[in-house]
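In this note's numbering, the protein residues as written are 606 to 814.
Simulated from the structure, these hints should not be mistaken for lab results.
Since we're looking at a predicted model, the values are computed, not measured.
Note that the Cβ used here is the ideal one computed from N, Cα and C, for glycine as well.
Check the hints yourself; a few may be wrong.
Capping the alpha-carbon separation at 20 Å, the derived lysine to aspartate or glutamate pairs in EDC-like fashion look like this [said to hold, decoys possible]:
1. 775 x 640
2. 782 x 673
3. 728 x 673
4. 775 x 673
5. 775 x 801
6. 728 x 702
7. 728 x 752
8. 775 x 628
Here are the computed distance ranges between Cβ atoms for each label pair [claimed, not checked]:
9. 733 x 768: 30 to 40 Å
10. 698 x 646: 18 to 28 Å
11. 702 x 794: 33 to 43 Å
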Amino acid sequence: MLIHPWDAARDDTEWQQWLGTHDFGQLAVNGLPGEPPYVQPLHFAYDAERGEVVTHLARPNPLWPALEADPDVLLSVVDDYVYVPGPWQAPPDTPPEHGTPTSFYAAVQLRCRAHVVDDPAEKAALLNRQVGHFQPAGGSARVAVGEVPYGRMLPGIRGLRLEVVDVRAKFKYAGRKPEVWERVAAGLTARGGPRDTAAREHLLRRRGA
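Start from the sequences, fold in the hints, and give me the full structure.
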């Protein structure tokens, strides 16, 4: 992922806060010899204090042999993306039709060392952490070995702890073109499409950074 200086995260807090509310991504695992990489969509919980991600997958998932052969993986998260029409990007005193269309998006890539969790008690603890992230108000029974309703399901899954070893974060929102910010913000407001509000918030927030 190319990251220009004007698109880079201002600091760790920026991407960590964003990742705390964007918890669905794609886990990329190097393929076995002669095979393409595995890319697995999944929900996850990021723990900034521990510097790790926790998640789980079904035991029959075909990526396990590849992950065990090479535990260096990449978790990619992309969201708040929008298409920006060319006229919105036209510099002042330039014909609107000369503007260059582009994409805005936020992206965080976590390079991780994967640790497979098969111990039943450790899996239960991992699942409780993950459910606690998505359901802070509760509402579901806790996972416990040998106890209903989830104890019997533990053998069917394997847990994953992803130890974060490197982070690349990008917030591409016209960082190099302050002359078009107002026009783009107005365009996003008027269009009101999916993710336009989030993109506008990024644009205005980073303008004031």
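Hint-by-hint comparison with the structure:
A distance of roughly 30 Å separates the Cα atoms of residue 775 and residue 640; the hinted pair therefore is violated under the 20 Å criterion. Restraint check: the Cα-Cα separation between residue 782 and residue 673 comes to about 45 Å, which exceeds 20 Å; the hinted pair is violated. For the given pair, residue 728 sits about 17 Å from residue 673 by alpha-carbon distance, which is consistent with the 20 Å threshold. For the proposed pair residue 775 and residue 673, the alpha carbon gap of about 30 Å is over 20 Å, so the pair is violated.
About 18 Å separates the Cα atoms of residue 775 and residue 801, which keeps this hinted pair within 20 Å; it holds. Taking the CA atoms of residue 728 and residue 702, the gap is about 56 Å. The hint is violated against a cut of 20 Å. For a cut-off of 20 Å, the pair hint linking residue 728 to residue 752 stands: about 14 Å separates their Cα positions. Taking the CA atoms of residue 775 and residue 628, the gap is about 16 Å. The hint holds against a cut of 20 Å.
At about 20 Å, the CB distance of residue 733 to residue 768 disagrees with the hint of 30 to 40 Å. The hint said 18 to 28 Å for the Cβ distance between residue 698 and residue 646, and at roughly 45 Å that hint is violated. One distance hint, 33 to 43 Å for the beta-carbon pair residue 702 and residue 794, is violated here, with the actual separation near 22 Å.
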